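Build the full structure now, drawing on both the sequences and the hints.
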Amino acid sequence: MTLLHVDTVSRFFGGLKAVDQVSFEMESGTIMGLLGPNGSGKTTLLNLISGFLAPSSGRIIFNGRNLAGARVDKIARAGIARTFQLVRILPSLTLLENVMLPAVFGHRAHWGKEAERIAREALEKTGLADRAGASAGDLNYIDQKRLELARALAAEPELLLLDEWLAGLNPTELQEGIKLIESLSGSGITIIMVEHIMEAVRALCPRCAVMNAGRLIADGETSAVLSNKAVIAAYLGDAEDA
Amino acid sequence: MIRLAIALLGLVALAVVPLFASEYELGLLIGMATYVALASAWALFSGQTNYISLATVAFYGTGAYTVAVLNESLPYPAVLLCAALIGAGMALLVGLSTLRLSGIYFVIFTFGLAELVRQLITWYEVSITGTLGRYIFLDLTARDIYWQMLALAAVAIGLTAWINRTRLGLALRAIGDDEVVAAHSGIHLARTKLIAFTLSATLITLVGAVASPRWVYVEPLIVFNPTVSFLTVIMALLGGANRLWGPLVGAIPLFLLFEWLSVNFPDTYPIFLGLLFIAVVFVLPNGVLAGLDDLRARFGRRGK
Amino acid sequence: MTTLVLGLVLGGTYALLALGLTLQYGIARIMNLAYGEVTLLAAFGLVFLFQTAGLPPLVAIILIAPAGYLTGWLLYTFMMRPLVQRATGKPGKLEVDSILATFGLLFVLQGIMLVLFGANFTSISYLDQGVNVLGVSVALNRLIAFAICLVAGLGLIVLLNWSRWGLILRAVALTPGSAPLVGIDVNKVSRQGFALGTALAAVGGASIAMYQTFSANDGVIFTMKALIIVIMGGVGNVAGALAAGFALGLVETFVATTFDPGLTLAATFAIFLAVLIWRPQGLFGRRS
Amino acid sequence: MTITRRTTLRALASGVAMTMLLGANLAHSADETVKIGYAVAKTGPNATGAGITTIPNYELWVKDINAAGGLTMPDGSKRMIEVIEYDDRSSNEDLVRAIERLATKDKVDLILPPWGTGSNLAIAPLMDRFGYPQAAVTAVTDKAPEFAARWKRSYWMLGGGHDYANGLADVLKAAVAAGTINNKIAMVSVADGFGIDLVNGARPSFKEAGLEVVYDKTYPLGTSDFAALMAEAQASGADSFVAFSYPPDSFGMTKTAQSMGYNPKVFYVGVGGAFPIYGQIADGKQEGVMSIGGVNAASPAIKDYFARHTDSAGAPPDSWASAITYASLEMLAQAVERVGLDHGKLAGELSTGTFSTIIGDVKLEDNQLRDLWWVGQWQGGTFVAVNPSDKDGAVAPVIPKPNW
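Chains as they are written, first to last, in numbering that gives the first Met the number 0: chain A, 0 to 241; chain B, 0 to 303; chain C, 0 to 287; chain D, 0 to 403.
Derived from the structure by calculation, the hints contain no laboratory data.
Model, not experiment: these values are computed from the prediction.
Cβ atoms here follow ideal geometry from the backbone N, Cα and C, with glycine treated the same way.
Be aware that one or more of the hints could be misleading.
Claimed, not checked - Stretch by stretch, here's where chain B covers chain C in the computed footprint (C-beta under 8 Å, at least three residues):
| id | stretch |
| --- | --- |
| 1 | 43–49 |
| 2 | 244–251 |
What the hints assert, rightly or not - Sample of chain A residues lacking proximity to chain B, with all beta carbon distances greater than 12 Å (derived):
| id | residue |
| --- | --- |
| 3 | T1 |
| 4 | E24 |
| 5 | G38 |
| 6 | S49 |
| 7 | A77 |
| 8 | G78 |
| 9 | A114 |
| 10 | I141 |
| 11 | N227 |
What the hints assert, rightly or not - Cut-off 25 Å, straight-line C-alpha distance, at most; resulting in silico cross-link-like pairs (DMTMM-like, lysine to aspartate or glutamate):
| id | chain 1 | residue 1 | chain 2 | residue 2 |
| --- | --- | --- | --- | --- |
| 12 | D | K151 | B | D138 |
| 13 | D | K206 | B | E124 |
| 14 | D | K34 | B | E124 |
| 15 | D | K142 | B | E124 |
| 16 | D | K106 | B | D266 |
| 17 | D | K216 | B | E124 |
Laid out in structure tokens, this is it:
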């Protein structure tokens, strides 16, 4: 079943085409890596899907509904959750409250014990359960990243958008992170992950899409895509990021 | 539950006090209740969301003016109801048009709003009705006003406590921290802010309405005095605007201090007041309650 | 024609008043509620120098400007700097803290002025004769204030846009966070910006003292007007402040002559609020 | 001093009663003071008015009384005045509380009124409840008769808007009849209590006097630039310019008129026109400017008062409400001397007694002072009274006003 259909979506900033006529589809329960050099439009594409930005043209059909240009909270309630490239947590709230937010206001909108149960479960999955009552502002960087993922999970999303969530982790943490995403994918959540760490992409994503200068230049089976000439050319142009 | 009982007991005690108080002490009580109500109502929206509103006096003055206009044509409870409705209507209108402003722009807008309302009322009264001052001759004793004000203060604090336990409270706190995250969590930003802003503004309008019979004579310059907006903000922030009892903790000592200074240093009190203010900002940056918490934490640590 | 000339002259006063505030907030990020009090202090200073030392106001202004700079420098170093340091990494914190601290400062300065000068109206008569400008009679002292405004404003624009120091100021104004990366001492620049803003406030106050009656309680009015213009012009935007000042002067004069003088202030605020809603970054501000 | 037989008798009778009471008191404390309290604006928008008209007169009076050994009691003994003063911060809420404090905590013997119409109205119900007499001096209101009836111990001593407007209409009508000016008037007013009261009085009374208002605009409180307004007034073809304005506006208009060379034959400004500082504002060219109020400049009592005020406050008083403020205090002192400090008796005496003051003999009519100057004019460096023209001490107006 097609969960997400991005249909010739574009976004311009003045004269700059940040996302240019991008189209792809995703089946429910699949996981896709979104690659490309810096400034190629990956984060902008995620912002369009999550509603943070409105597309200049095109349709984003999710579960049969066109969500292009809808308000962020409406899209969130439709079942799309995300993490941010630069971590965003709510520092004055506790961990539990941070995570309860999407459980309460998100896709399934629980309240009371049920919301708390879901939030605790999400904290459990990300290894933060023992600090549920602590203030989020006191967390270190890695734990903030975990908290962000926990928050995305507590939304019980159908589609999860991860924006370089694995960046900045040390090798042990990276392995844990990969396992975590693997288990999520196994539980039926559809995932798009923007990622620079090829090891993770190879391990997690059977399918890959590559963007360059706003356009989708490749989309298909990961190993095939990564050996695609256009993709290699795109990366060589910006080698230090690869 | 015990806390609730203590709070209720305190409320009853406060309600009985005027039976023993002198006129002047009653005046002080009214003043304190007024500012506790204002600061708590203000914090209901601004304390949680960090949107610093200087529109307090726009609503406060509107409440007073409503009483001044209607006090001879309607029974008192109906006048209060009208004031509440007008305040709510105005808040909705303002909220719908402004809540996408943030930070300093919101502060300035709300300040300008108070001035605009004052100018428009002045112009209307001068050009259309041909008068400016209005009289409020209501048969209310200082005690009546105190009880009403106490009730409003209790409602403001009670409502805040209740909201803090609801989804609305959680949403407001999330908005105060990061609106982007709040929206991505599924919170309808505009609606959430609008509800809280309207509740807060309605309460503030009522405070103005209840306070006005004490002035007898009302004109825009008197009721739209921007100092009220500033004092409200300062009191709430002093105590800790994002805490339930913060506004109360800030309002009472500050109010008494104002009174004490103006009684004992009528000529130089602004200087003392200003210096004290600056001192508070430097010593208690997050409000008195947070300062107490810090102190407790420090002693606790030492104890261990 | 009358409307145009009178409006521009009035606008000049407004713009001059706003220049300092836009620098203070734009560069040092200090929302200075005591701005009007500083302006008044300079106005009283001018009257004092004129009446007791017999100094002509135009000479007095030359003395008052550096005194303003020094005052600003001291204020920033001892009062604002600790707040700025405390607020690093906490968005919005400095705004709240500076509003609170300068609110306190407002009371202190007002109290000092009340003790020193009393609550009476103060006014001097200086160059009060009319001058014919394009067929409209304008007071010479207002024209001088207008000229001071133009000189100060254009000077600032030139300084900010074509000097190295101006480039640094603008860098700090735009991205205080990344300015240190290119070796800029943000603290120093902020202090300079704040001090320069204070100096401008002083010059504005001194010019106003030449033609307007004022009393120790008028500070808030000055702050309000300046604030409106700063926001309309785009925070930290000197050219914007000039343009917004003139625009406001024209609008007030226009409303007064064609509609109803009773609506001038209401019109000011209405336009101001409309600008805020329509373009929160100001008429001439950049979209962030 | 003219004392009717009735008041003499009453004074005697109450004097006896008071002597007995005081006798008891004196035994208790020989040098007891009279506590007098007031709350006025020392900060905020009202501070300027209070600082010019109210506070210096209170201070002068207390100084004068205490220098003479204190307030004279009916038994001839003297008690020094002890002052308790508060700042109402120009806020009625604070003012009301200060009055409550004075009455119930400080338990002062007398309360002097605050500055301003709104302030006096705000405390009137309280003063009435506590029983203090309230001589509201700096309150201009057409509703004075109504208020005097509502609060029996309140006294309204500065007339109403209609009075001043009628007075001005009289002056202008006479000048039109004499052919010195045309009947056209350019009128501006401040959109605030005082300006509105006056302009509402002026419109009908000008019409009745056959004067035509060709320019009639209000401007908001806080306006600082009058160039546009004055330019239009100048273009209106009226010989008379009338402004019902507040001090900063009166000053601003004067300066604007001077700089633009606007020389109407009658130049009338509102509050502030009779302030001593006005001459300085007008750069010494105030000759012929009309304003509200006035004093009988030839009277020795007024001359003496001006000298003492200048001595005490460092500046001469304004020529409108200052002298009346001082006179109201003299009335109070004389009433105390006749009947003592009992509020009821004091109130009765103020209502019915005749008092000798710096503005002449004063007797209130229905608790209002009606024998007032409505229009004054700067002549030869003094602000003299020109209307009512039949009142003792009135001077003929100079019309047209000499050019700036």
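We went through each hint and held it up to the structure:
no., hint, verdict
1, 43–49, "violated (count 0)"
2, 244–251, "violated (count 0)"
3, T1, "23 Å, holds"
4, E24, "24 Å, holds"
5, G38, "21 Å, holds"
6, S49, "6 Å, violated"
7, A77, "9 Å, violated"
8, G78, "10 Å, violated"
9, A114, "9 Å, violated"
10, I141, "19 Å, holds"
11, N227, "33 Å, holds"
12, K151(D) - D138(B), "18 Å, holds"
13, K206(D) - E124(B), "23 Å, holds"
14, K34(D) - E124(B), "41 Å, violated"
15, K142(D) - E124(B), "18 Å, holds"
16, K106(D) - D266(B), "22 Å, holds"
17, K216(D) - E124(B), "14 Å, holds"
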